[in-house]
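If you read the sequences in order, they're chains X and B.
Each residue of the first sequence is one higher than the one before, counting from 0 in numbering that gives the first Met the number 0.
Each residue of the second sequence is one higher than the one before, counting from 0 in numbering that gives the first Met the number 0.
Since the hints were derived computationally from the structure, they do not count as laboratory data.
Values in this document were obtained by computation on a predicted structure and should not be read as measured data.
Ideal placement from N, C-alpha and C gives every residue a C-beta, glycine not left out.
Any given hint might turn out to be false.
Stated by the list, open to error - Covered, in the sense of this in silico footprint (three residues per stretch, anywhere, with C-beta under 8 Å from a C-beta of chain X), are these stretches of chain B:
| id | stretch |
| --- | --- |
| 1 | 8–21 |
| 2 | 125–135 |
Said to hold, decoys possible - Sample of chain X residues with no beta-carbon within 10 Å of chain B, all distances over it, derived:
| id | residue |
| --- | --- |
| 3 | Leu6 |
| 4 | Glu102 |
| 5 | Asp113 |
| 6 | Tyr175 |
| 7 | Glu178 |
| 8 | Gly217 |
| 9 | Ser298 |
Unchecked claim - Pair by pair, the computed Cβ-Cβ distance ranges are:
| id | chain 1 | residue 1 | chain 2 | residue 2 | range |
| --- | --- | --- | --- | --- | --- |
| 10 | B | Pro198 | X | His139 | 52 to 58 Å |
| 11 | X | Ala35 | B | Ile148 | 31 to 37 Å |
| 12 | B | Val10 | X | Asp183 | 37 to 43 Å |
| 13 | X | Glu180 | B | Ile148 | 53 to 59 Å |
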Amino acid sequence: MSEEQTLPVEVSGIEQLTPLIKHFTLSPVGGGRMPAFSGGSHIVVVMRGDARRAGARVHRNPYSLLSSPHELDAYQIGVRRMEESRGGSHFMHDQVAVGTRLEIAHPVNLFPLDKIARKHVLIAGGIGITPFMAQLEDLHQGRVPYELHYCVRSPEHAAFLPRLREREGGRLHVYYDSEGEAIDFDRLLSDQPLGTHVYVCGPAGMIDRVTATARTWGWPDSHLHWEQFSAPPVGDAFDVFLARSKVHVHVQPDQSLMESIEAAGVEVPYLCRGGVCGFCQTRVLEIDGEIVHNDHYLSDADRGKFMMPCVSRARCKSLVLDL
Amino acid sequence: MLVTGIKSKPVYAPLRADPRGRYHLMLGFGEGEVALLRVLTEMQSSVPEGLARTRVLLMSSDGEAPPSDARRNIESLPLQEVRAFSDMPPLLGEFRLLLADSLMGTRLYVAGPESFIGLAMRIALEFNLNKDEIRAEQLGSLARRVHCIHCRVITENVRTNIVRCSGCERRLLVRDHYSRRLAAYMGVMVDAEAPGELPPIKEVFL
Numbered sequence: 000m001s002e003e004q005t006l007p008v009e010v011s012g013i014e015q016l017t018p019l020i021k022h023f024t025l026s027p028v029g030g031g032r033m034p035a036f037s038g039g040s041h042i043v044v045v046m047r048g049d050a051r052r053a054g055a056r057v058h059r060n061p062y063s064l065l066s067s068p069h070e071l072d073a074y075q076i077g078v079r080r081m082e083e084s085r086g087g088s089h090f091m092h093d094q095v096a097v098g099t100r101l102e103i104a105h106p107v108n109l110f111p112l113d114k115i116a117r118k119h120v121l122i123a124g125g126i127g128i129t130p131f132m133a134q135l136e137d138l139h140q141g142r143v144p145y146e147l148h149y150c151v152r153s154p155e156h157a158a159f160l161p162r163l164r165e166r167e168g169g170r171l172h173v174y175y176d177s178e179g180e181a182i183d184f185d186r187l188l189s190d191q192p193l194g195t196h197v198y199v200c201g202p203a204g205m206i207d208r209v210t211a212t213a214r215t216w217g218w219p220d221s222h223l224h225w226e227q228f229s230a231p232p233v234g235d236a237f238d239v240f241l242a243r244s245k246v247h248v249h250v251q252p253d254q255s256l257m258e259s260i261e262a263a264g265v266e267v268p269y270l271c272r273g274g275v276c277g278f279c280q281t282r283v284l285e286i287d288g289e290i291v292h293n294d295h296y297l298s299d300a301d302r303g304k305f306m307m308p309c310v311s312r313a314r315c316k317s318l319v320l321d322l
Numbered sequence: 000m001l002v003t004g005i006k007s008k009p010v011y012a013p014l015r016a017d018p019r020g021r022y023h024l025m026l027g028f029g030e031g032e033v034a035l036l037r038v039l040t041e042m043q044s045s046v047p048e049g050l051a052r053t054r055v056l057l058m059s060s061d062g063e064a065p066p067s068d069a070r071r072n073i074e075s076l077p078l079q080e081v082r083a084f085s086d087m088p089p090l091l092g093e094f095r096l097l098l099a100d101s102l103m104g105t106r107l108y109v110a111g112p113e114s115f116i117g118l119a120m121r122i123a124l125e126f127n128l129n130k131d132e133i134r135a136e137q138l139g140s141l142a143r144r145v146h147c148i149h150c151r152v153i154t155e156n157v158r159t160n161i162v163r164c165s166g167c168e169r170r171l172l173v174r175d176h177y178s179r180r181l182a183a184y185m186g187v188m189v190d191a192e193a194p195g196e197l198p199p200i201k202e203v204f205l
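The following block holds chain X by itself, in its conformation from the complex (with noise of 0.2 Å):
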């Protein structure tokens, strides 16, 4: 089996970007430049934590590249503390600091913006800004036309604000929860000329408020594009069995069966680690019980023989997986 292909960075930059957000500046180790990606690509972050301490776990987690995709000398991530964090967001704003070294797997893009779009609106919520930012640095130059509604809990909390602000002038919507502002879905998406391209990031219920209304007025699923990366659910530990590699795997509450699987020394291939992808779509050979889907990618159809180890996970008394 291949072993697992990341790059090593090292941490060069920390800022608080508000009481929940952290910029992180990633620097390849040794000097040099980051591989090209394009507005909309988000890496994996490997964190391996201090081996030598007891219950010491691996977490991966996907992070929307935020920087310039024309500057190649450095990542940019913002990484939101999570209050009900499995590890990882915690370990990163924590444990982090100016020096420490990190791996990361390369970049790839599940939220590019269609090519020849004739407009783009671009719908935020919260941290879900970040891909939104690579992205403006393409529109900027572009002749498209574009619109960016951002909304967030207050003032203190828009990551950004200042150069957005600056940059983006009237193009700029901003809305403030904590002023009874919301969005006007209805109204944003009943007038939009033809070849209108709706993309949206943010929290699952405002994503669904978005493809619900834009499906309501007409639009055709081929001008909705969404991302959001679930965070894998807790959940009742549960027992695999990995039928090629003759494994057994038991799956803690507060572990995704990636993570566990992972931890069993079986790689998965993954992208997206958010239930995204469909990289990582497995069989299932035999369940004695159910599967609990929770990924954004499997048809209904599919669903009783593949899952999503990523994010699902299984309330039975024994699964057997095609790994």
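Keeping the supplied structure of chain X fixed, place chain B upon it in accordance with the hints.
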């Protein structure tokens, strides 16, 4: 030798109304009017409120002939707009104006001969309409628009497997390789290696 199984060759299906669309824009040429009448009748029973948000542009294949029964029936429906044209360029010009003025949520329906569908699709492409916003039904002639890959002139109304290019007069083999951007099939010189040696010429695109 025609090379079949080429993926770019367009595939058509009988038109059905798309109830998910909010606005509807329909183009019909010749026998295409019959197909549009069928869709509109379906719509009248399934989503009657959709008719008031439907605009229809029609053209008969013979401009001199009296309006067809299909056209008269379409004109009697409570549509937002119906317009009939006797010439292709004004129809396509009006179509372009309507697209520029249309909102997301619009569905396009095109019914008629293949070359007409191709010309309409080419304009729709400029407005970034995707496959899930366009439906097309081929009725009437399969005669092709052929793009000479040597001199880049289009030869219209081609019914034979081999045709003389209207630009450079080379003999072209008409392939199934289709360009959406040009709205034409590719024509490649057929006797470049052995001048004058031609396969039998047959009427194949009727």
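Evaluated hints:
no. : hint                               : result
1   : 8–21                               : holds (count 3)
2   : 125–135                            : holds (count 7)
3   : Leu6                               : holds (36 Å)
4   : Glu102                             : holds (39 Å)
5   : Asp113                             : violated (8 Å)
6   : Tyr175                             : holds (27 Å)
7   : Glu178                             : holds (29 Å)
8   : Gly217                             : violated (3 Å)
9   : Ser298                             : holds (16 Å)
10  : Pro198/B with His139/X: 52 to 58 Å : holds (56 Å)
11  : Ala35/X with Ile148/B: 31 to 37 Å  : holds (34 Å)
12  : Val10/B with Asp183/X: 37 to 43 Å  : holds (40 Å)
13  : Glu180/X with Ile148/B: 53 to 59 Å : holds (57 Å)
Violated hints, listed in ascending order, are 5 and 8; each of the other numbered hints is respected by the structure.
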